[in-house]
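Asks: Next come the chains, spelled out residue by residue.
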Amino acid sequence: MRHLLDLYDSGVMRRALIEAVLVGSLCGAVGAHVVLRRLPFFTITVAHATFPGIVLASIVGLSELAGGLAFASLLVVAIYLTMGDRSLDTNTAVGVALAGSFGLGVMLQSAQNGFTKDLAAILVGSVLTVDRRDLLTTTAVGLVVLGSLAATHKELVLRAFDPEGAAAQGYPRMLDLGLLLCVGATVVTSVPAVGTILSVALLSVPALTARLVTRRVSTAMVAGAAYGAASGVLGLTASAQWDLAAGASIALASAWLFFVTFAVVSATGRVSRRHVPRDAAPA
Amino acid sequence: MLVTIRFLTEPFTPGYMQRAFAIALILSALAGVVGVVVQLRQLSFMTDALTHTVFPGVAIAFVAGQSLFIGALVAGTASAVLLTIAARSTRIDHDAFMALVLASLFSIGVIVVSRNRTYSADLTALLFGRVLAVNSREILETAIVAVVVLGILALMYKELLLRSFDEVGAEAMGYSLLRIDLVVNILVALVVVAAVRAVGTALVVALLITPAATARLVCVRLGRLVVASVLVAAIAAWLGLVISYDTSVHHGVRLAAGATIVVVLTAIFAAVATLTAVRSRRVRRRTLAEVTS
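Protein chains in written order, with our numbering: chain A, 977 to 1259; chain B, 10 to 302.
Each hint should be verified, as a subset may be incorrect.
[Stated by the list, open to error] Listed next, the stretches of chain B that the computed footprint assigns to chain A, with coverage defined by at least 3 CB atoms under 8 Å from CB atoms of chain A:
#, segment
1, 46-57
2, 104-113
3, 212-220
4, 252-264
5, 267-275
[Said to hold, decoys possible] Per label pair, the in silico range of CB-to-CB distance:
#, chain 1, residue 1, chain 2, residue 2, range
6, A, Phe1137, B, Leu187, 24 to 32 Å
7, A, Ala1116, B, Arg230, 48 to 56 Å
8, A, Thr1195, B, Ser98, 21 to 29 Å
9, A, Gly987, B, Leu226, 48 to 56 Å
10, B, Ile94, A, Met1150, 33 to 41 Å
11, A, Thr1105, B, Gly160, 46 to 54 Å
Note that these hints are calculated values from the structure, not bench results.
Please read these numbers as outputs of a predicted model, since none were measured by experiment.
C-beta: ideal position from N, C-alpha, C; glycine also.
Could you put together the complete structure from these sequences and hints?
Replies: Structure below.
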């Protein structure tokens, strides 16, 4: 135990730990909506879409976060617009956007000469290089996102379980755009820690685990945040202890927590006893 | 006119460009056809998941010094089985469960590669492929995979169509839905495997989704969809290679060949989508005018 604490002696490791916990809990909480609305594939796409934004920003000399956020928002709006078009299956549009933005990112990156090192950092994250500003940005974005989700919680849950009812009561479809933008902003802030490819792990696995222990959306958000934070701590510690890639360790830690919880829940039979009928009020 | 023709053909004088073009064409034909199935069965997410889950196999084979092709083949088939089961899970939300499987397997790949000291260059090569460095043996391997995959698709054409449009009917007639899904997903995995060296695991998803989506914008019938999809893929492959070669050789801007193909593919999709959207709006307005007048 003493030895494990020693791993966090340096400022670098302490900052990495704080970032992992912040990102983990934010993603875990937002993930409740990702799982509820079946958005994991969308999440992967947004994560890939930050990539050309980051490359463009570094060419122009802007903040990488701003570039990623701008490009991801652009794509979120584009996908939202195709959702109304019935000739195009949403998942196909999402797939085209995913592949295209990723290709664009790689092409832009290859036009610069530093092709390899930064690319790997964007793809699989580099939590050890986060600085104080990254921590502040994560906190700020996290507060805004969680604040918006909390403010519209009732409406979002209604929209998820009864879209027609929500429409009939006059709630605008823009609500969905807001949710998608919140998910997008969360993805963008998680990229420095776990990278574009693995941010989907933090945005869906802790929330999936939380669903094993609770059916209420609000409780699932809290439980998801706890699972996400725990994944961050466990993954980072394992990565420092055994010298593994940090982002990948965090993703694997979240999967490990899922299987442990699944085993415990199956063994004690808690899920079946606590199972609430689907049409019961879930808020 | 002559200048344009030279611009389009001159890049293919060096041998490596001819080989790149050959493999790109084979992959276009293969991914174009399978892409229509992907769209029909709504397997976009599954396809993206497979491109990530093939990665650990490639990574392990790479570190162990074995053939990447074999590594990808084993990982692709195994993860296709795993993902098919995950997609059918009823107890757990299957989208999130697929995300779990893909993230875990991809992470294992990253960890395996990161054990090598100089891993970032290898990681990019594995993710994005090296279409300009393929040799004739690799072209042959890809061609064999293409023949096998297209052959199996032709054999199960009837069952596949039935399963897509009448699930209950197919089950009532005694077909095993699980078995059909399993075969289709393994075929998609095989395409990913075949494309690993040329365009890498990360970009093959574009070949499998975008041409078919473009085709879907302009036609509905299955036969036409297949033809249009293959055509779009082949044209994008050709233009992509030409643009990448021309900018690198004549303008000193190095554009990665595989990525350029993907960008061209997406540009074609965006152009066709805009055109059809404009046209359908105009048609709608005209019919409206006829009705009201």
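Asks: Decide, hint by hint, whether the structure agrees.
Replies: Okay, the hints, checked on the actual structure:
1. 46-57: holds (count 6)
2. 104-113: holds (count 9)
3. 212-220: holds (count 5)
4. 252-264: holds (count 3)
5. 267-275: holds (count 8)
6. Phe1137/A - Leu187/B: 24 to 32 Å: Once the Cβ atoms are compared, 30 Å apart, the range 24 to 32 Å for Leu187/B and Phe1137/A holds.
7. Ala1116/A - Arg230/B: 48 to 56 Å: 52 Å, holds
8. Thr1195/A - Ser98/B: 21 to 29 Å: 23 Å, holds
9. Gly987/A - Leu226/B: 48 to 56 Å: 53 Å, holds
10. Ile94/B - Met1150/A: 33 to 41 Å: 38 Å, holds
11. Thr1105/A - Gly160/B: 46 to 54 Å: 50 Å, holds
In summary, this structure violates none of the numbered hints.
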